[in-house]
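Going by the working numbering, the first residue of the sequence shown is number 17, and it counts up by one from there.
Check before you lean on any hint, since a few could be wrong.
[Stated by the list, open to error] In silico EDC-like pairs for lysine to aspartate or glutamate, Cα to Cα no more than 20 angstroms straight-line:
#, residue 1, residue 2
1, K61, D35
2, K71, E57
3, K71, D56
4, K65, D35
To be clear, the hints were calculated from the coordinates, so they are not data collected in a lab.
Note that the coordinates shown come from a computational prediction; the quantities given were computed from them, not determined experimentally.
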Amino acid sequence: MELSKLFNPFAKTSKQMEDHALYQIITNSHNYCGCIVHQDEVMIKLQSKEGKPVKILKENIRSIVVL
17 MELSKLFNPF AKTSKQMEDH ALYQIITNSH NYCGCIVHQD EVMIKLQSKE
67 GKPVKILKEN IRSIVVL
């Protein structure tokens with residue numbers, strides 16, 4: 017973890033996540049399956065298994081399961 021993040025938890029970073037775990041995200045209207053490539057305070061960007069990136073608002077998420 018960068019030292020600046022310890023002192024400023026609201027610091028923005030433009031790095032993509034290196035998490036290759038497969039997640040199932042259930043929202044109010046859809047089920048998604050894929051890898052999380054980016055997230056911030058408001059949304060998660062998921063690279064779905066079909067190859068299409070999907071932006072999901074965190075307020076709409078009902079559950080997240082690691083597969």
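Any of the earlier hints contradicted here, and which numbers? none
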